[in-house]
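Engineer: Sequence:
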Amino acid sequence: MYTHEGTGARRATSPLLEFAKTHEAEVLAVQYPGRGNRSKESCAFEIDEIIHPLLPVVAGKLSECPYVVVGHSVGSWIAYEFLQLLRARGVRMPEHVFLSAFPYPDIPHDVRPWRINVLLDEEGFKDECRRWDVNELVFGDIWKIYQPLMRADFHLFDKYDHVHDGKENFTWPLTVFHGESDRMITREMCQGWETHTTGEFELLAIPGHHLFPLQKDQKAMWLRKIAERLQNVVARTAA
20 MYTHEGTGAR RATSPLLEFA KTHEAEVLAV QYPGRGNRSK ESCAFEIDEI IHPLLPVVAG
80 KLSECPYVVV GHSVGSWIAY EFLQLLRARG VRMPEHVFLS AFPYPDIPHD VRPWRINVLL
140 DEEGFKDECR RWDVNELVFG DIWKIYQPLM RADFHLFDKY DHVHDGKENF TWPLTVFHGE
200 SDRMITREMC QGWETHTTGE FELLAIPGHH LFPLQKDQKA MWLRKIAERL QNVVARTAA
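The sequence shown begins at 20 in the working numbering and counts up one residue at a time.
The hints are simulated quantities; they were obtained by calculation from the structure and are not laboratory data. Misleading hints may appear alongside valid ones.
As the list claims (entries may be wrong) - Cut-off 25 angstroms, straight-line C-alpha distance, at most; resulting in silico cross-link-like pairs (SDA-like, lysine to any residue):
1) K178 - K235
2) K145 - R134
3) K244 - E221
4) K80 - T41
5) K40 - L233
6) K244 - E219
7) K163 - P52
8) K235 - K80
9) K186 - K163
To be verified - Simulated restraints on C-beta separations:
10) E37 - D125: 33 to 39 angstroms
11) G185 - K163: 43 to 49 angstroms
12) D129 - G79: 39 to 45 angstroms
13) P52 - E221: 41 to 47 angstroms
14) G185 - D129: 20 to 26 angstroms
15) E247 - T190: 20 to 26 angstroms
16) R202 - G159: 19 to 25 angstroms
17) K40 - G159: 46 to 52 angstroms
18) A48 - I164: 18 to 24 angstroms
C-beta atoms are modelled at their ideal positions from N, C-alpha and C, and glycine is treated no differently.
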């Protein structure tokens, strides 16, 4: 939910959390292994290592009531694969999906805009992180903490292969956001998500870089736009 600003621990207001409080909606925030309160666990290096343990934790709740899914950056691919898994297991589908700042999942390997992290030495990896708009503070004294975490994140999309060609498209409404100053992920790459659902699709611009959820004003705009669309979900599901 990006409740912190930057790399510190200062709490920031969230239009999405405010919406959840107002409508008594439960927020199921997914914490990656190796992070935060799961810091003693080993990091995940493949998306399957995240979605399969998550399934039994949330499947029951998702079957009980309407829900939406929000994912940013590689979280978009994680959300997509999790929804593939939910559908395969017969779990109800979401009322709306919100993804941001990552290419359509079947983008060919040879046009992916990033460099494979295992081929990069430490300085090369720092340079690659800068292309993703990682804050320069990360490359200081805390780099020894962040480098293995970020290497693990990069593994998630470096090793990802889309294996769902030929499957029926999803039907949920899909909103995709892209950062206008994102140096890695283009608008066209985000537009490619349109082919993965027969539901209503919209592509919205946020005036920020790849990590716009860590830019105060941009984050507020992003979450506000999500909350606005959730009003429609509430109206539709209450009818």
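Engineer: Run the distance test for K235 versus K80: straight-line Cα separation, threshold 25 angstroms.
Structural biologist: The given pair, whose Cα atoms are some 31 angstroms apart, is violated under the 25 angstroms limit.
Engineer: Taking the beta carbons of R202 and G159, is their distance inside 19 to 25 angstroms?
Structural biologist: Hint holds: Cβ distance 22 angstroms, inside 19 to 25 angstroms.
Engineer: In this structure, is the beta-carbon distance linking D129 and G79 contained in 39 to 45 angstroms?
Structural biologist: holds (41 angstroms)
Engineer: Taking 25 angstroms as the top limit, are the C-alpha atoms of K186 and K163 close enough?
Structural biologist: violated (42 angstroms)
Engineer: Range hint 20 to 26 angstroms: satisfied by the CB atoms of G185 and D129?
Structural biologist: Hint holds: Cβ distance 21 angstroms, inside 20 to 26 angstroms.
Engineer: Tell me if the straight-line CA distance from K40 to L233 falls inside 25 angstroms.
Structural biologist: Between K40 and L233 the Cα gap is close to 22 angstroms, so the pair holds against 25 angstroms.
Engineer: Within a Cα-Cα threshold of 25 angstroms, do K163 and P52 meet the stated pairing?
Structural biologist: holds (18 angstroms)
Engineer: Are K40 and G159 spaced within 46 to 52 angstroms by their CB atoms?
Structural biologist: Once the Cβ atoms are compared, 36 angstroms apart, the range 46 to 52 angstroms for G159 and K40 is violated.
Engineer: Could you grab the alpha-carbon distance between K178 and K235 and see if it respects the 25 angstroms cut-off?
Structural biologist: The hint is violated at about 32 angstroms.
Engineer: Just to be careful, I want the Cα atoms of K244 and E219 compared with a cutoff of 25 angstroms; is the pair within it?
Structural biologist: holds (16 angstroms)
Engineer: Please check whether E37 and D125 have a Cβ separation lying inside 33 to 39 angstroms.
Structural biologist: holds (36 angstroms)
Engineer: Taking the beta carbons of G185 and K163, is their distance inside 43 to 49 angstroms?
Structural biologist: At roughly 45 angstroms between Cβ atoms, K163 and G185 fall inside 43 to 49 angstroms, so the hint holds.
Hints 1, 8, 9, 13, 17 from the list above are not met by this structure, while the remaining hints are.
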